[in-house]
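Keeping their order, the protein sequence lines are chains A and B.
For the first sequence, my numbering assigns the number 155 to the initial residue and increments by one for each residue that follows.
For the second sequence, my numbering assigns the number 192 to the initial residue and increments by one for each residue that follows.
Any given hint could turn out to be false.
[Said to hold, decoys possible] Taking CB as the label site, the calculated pair distances span:
| id | chain 1 | residue 1 | chain 2 | residue 2 | range |
| --- | --- | --- | --- | --- | --- |
| 1 | A | Thr-520 | B | Lys-357 | 17 to 25 Å |
| 2 | B | Ala-213 | A | Thr-452 | 33 to 41 Å |
| 3 | A | Thr-619 | B | Ser-255 | 40 to 48 Å |
| 4 | A | Val-394 | B | Asp-250 | 21 to 29 Å |
| 5 | B | Lys-357 | A | Ala-302 | 40 to 48 Å |
| 6 | B | Gly-342 | A | Thr-452 | 37 to 45 Å |
| 7 | B | Ala-213 | A | Ser-526 | 26 to 34 Å |
| 8 | A | Arg-313 | B | Ala-213 | 15 to 23 Å |
| 9 | A | Val-503 | B | Glu-318 | 37 to 45 Å |
| 10 | A | Asp-275 | B | Gly-342 | 46 to 54 Å |
| 11 | A | Asn-546 | B | Gly-342 | 30 to 38 Å |
| 12 | B | Asp-250 | A | Gly-576 | 43 to 51 Å |
| 13 | A | Thr-619 | B | Ala-213 | 40 to 48 Å |
[As the list claims (entries may be wrong)] 20 Å max Cα-Cα, derived SDA-like pairs, lysine to any residue:
| id | chain 1 | residue 1 | chain 2 | residue 2 |
| --- | --- | --- | --- | --- |
| 14 | A | Lys-356 | A | Gln-380 |
| 15 | A | Lys-496 | A | Asp-417 |
| 16 | A | Lys-496 | A | Gly-464 |
| 17 | B | Lys-357 | A | Ala-297 |
| 18 | A | Lys-274 | A | Asp-294 |
| 19 | B | Lys-344 | B | Gly-317 |
| 20 | B | Lys-357 | A | Ala-506 |
| 21 | B | Lys-333 | A | Gly-464 |
| 22 | A | Lys-274 | A | Ala-180 |
| 23 | B | Lys-360 | B | Lys-344 |
| 24 | A | Lys-274 | A | Leu-379 |
| 25 | B | Lys-335 | A | Gly-464 |
| 26 | B | Lys-335 | A | Thr-444 |
| 27 | A | Lys-274 | A | Gln-462 |
| 28 | B | Lys-344 | A | Pro-255 |
| 29 | B | Lys-335 | A | Val-381 |
| 30 | B | Lys-344 | A | Asn-478 |
| 31 | B | Lys-339 | A | Asp-364 |
| 32 | B | Lys-200 | A | Asp-294 |
| 33 | A | Lys-598 | A | Asn-425 |
| 34 | A | Lys-356 | A | Val-381 |
| 35 | A | Lys-274 | A | Val-366 |
| 36 | A | Lys-598 | A | Leu-521 |
| 37 | A | Lys-496 | A | Gln-380 |
| 38 | B | Lys-333 | A | Glu-179 |
| 39 | A | Lys-598 | A | Gln-380 |
| 40 | B | Lys-333 | A | Lys-356 |
If you are wondering where the hints come from, they were derived from the structure by calculation, not from laboratory data.
The beta-carbon is built from N, C-alpha and C at its ideal position, and this holds for glycine as well.
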Amino acid sequence: MRNERRIAFSNLTVDQTDRLIDSFEALPLGGAVNRRIRNSVLKAVAPRRARRSRLIRTLVPLAASLLMLVMFFVAFPKAAQAVSDFIGRVFTPGRYMSEDPAARTPVPSIDEAIAAAAPKDGDYTITLMPDLPDPQQYVDFRAENGYAPFSEENWGWLREIRPEIAEVLYDGNQLIWNTNLYTANEHVREFMDGFGDNAGSKLSVDALMDDVTYTVEGDPTVYPLQVSGHGITPIQDETVLAGADHVVLYSDFDIDPTQPLPDGILTITQNIRICENDAMNYGATVAILTHTFTFDTTKGNTQSAELQEGDIPLLGETYLTVDNMIFAEDGSITSWTISTQKVSLNGVVLHAEYEYLPTGISVVLTLASAPSNWTDNMVNALLRSSNRSIQNTYHKIGNVADMYINGVFVSEAPRPDSWGIGEQRYTLPIYPDQYETTQSVVLKLIHVYNEMLNGTNQIAGEVYTVTNGQSTDKAQTNFSPLVEITVPIPKS
Amino acid sequence: MDAVTRLLKRDPERALEWMLRAYAGLVYHAAAAILGRTSHEEIEECVSDAFLAVYNNRDRLDFSQGSVKAYLCATARNLAIDRLKRQTRARVVELDDFTPASELTEVMALNQIDNELLIERVLALGEPDSTIVVGRYYFGLKTKELAKVTGLKDSAVDQRLHRALKKLKRLMEGGLIHAK
């Protein structure tokens, strides 16, 4: 997609960049995007050793369990089918929705979510620039910026555009839709020429989402939707372009997890700003297309099951390797020691949230409560990720979550996205169409701790002091079972 | 050296958390201004790679030359430009797309001397105009977003932007004459 592409201030040095952006301390970013970037970076940094050995880590336990698997599958072919289905389904919703539905590889659970939204077109109006509020601002803009005066001859064709809601994907966390804008092929080409560098007499046109709102039946309130990404999907193939009778305006929206869309039929009103050349230029607006449509959020909000949550009390004792950090006001560390202590888990309660998405089952573990003598450092030590090496050993303290499906070990639970910050996240590759054949999903967490660290006998109570913020860890670890978590699987 | 730079040297993991919280939005917009806002995955990859590059090269970067924020934004933009260059249909648009083939566009020749001049002139516009120009052309912010950043109305942002560009053009012409 190519809307809004520009290169300005390119080839700046870091010093130049510093001076240029000095007045910008922060810019807003959607919560979902923020989380994805954060998770991506942290995952790449923290478990680097884990990532390199991910395949091997998966294979070795599988090999070790091969005989058991074979016997199990021979005895229980349905279970074999169920487990084998868990491998290999990967998709990205944005990319999925940016592909031609006729050409993309179908993902059943996504297609079901799309079908469940059941969008229906409502009314639409197209208002050309002279009839927009305060048209003089556009007239002035055009005069001041080298645009030809607005004319019916050039822009009258916009009245003939017919919008049609093509697809809506809503799964409770993500909202994406495509709007087809039907027009003559010559104007499809003008959309493809939109944005940027085609100076001269040739007209080009572009569209972006403007204000978008929704209403719910029985509620007079008009709620805003915050568009996150939007733009005309380019048609790259000249053969396809030659026969194209519409362009696709892609748009996705930030959904605040604390304020999901209400259940039921939402009436969306989308204002699509159509501009000459580049829709980033507000003043170049030649028409506003106001289009209403409805879609059903019910299935998206209740995809196979409501979010479930529960508390998981821990029992017994474990060794815990704790980073004790003391920070100065400027954020620098004044003291950092590492020690292993035996702690009672009685009174420590984890909180688990399970979300059933077309993208898999999301499991989030946080601390629900702990005895008053538990510090933040202890909580962070309890809830961070480790990994198993090729030799079935552990070089990093934290938790390893083994995923058992129908009683069979499959792999470590994938995508633990956080470390050391008091929560653990897993996205289990179990999709709604597999729920019926899935008898059980269990995460078995084991906790890894240091016995020796850089020559200190941690298990005997010796403390290692990190100097200059650097620690080349030579650790001898051990582990103990922490807890087994049975993931609720929705059944019809 | 600012606090986050010191933290990056002494406690990189904690610094990374801080950087992600503080600068993800800035870095995202810096990359999105190059790639276009609909290229979500590419933008997010550039942003993630920028954070990783600064984090992984923290011992080699010279932070006396620029802040962590500047390294992140510059890296993200360079990564985005590299991606854009690889796209066969990529088209390059210079600073002033309001005045096609204008002298201003020529002035934006991509070399260090002209960048110095450009930065000097943009900052000389004064506030809020310099913020509007940088926000629009470095971070790719839309009018409404600029209105939120500056506290101005949409129409005021548009007007100030257009006036600023004209003023910039005059300043740049003067600068060129001076440079000659």
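Numbered hints the structure breaks, given as an ascending list: 1, 3, 4, 5, 8, 9, 10, 11, 12, 13, 14, 15, 16, 18, 20, 21, 22, 23, 25, 27, 28, 30, 32, 33, 34, 37, 39, 40
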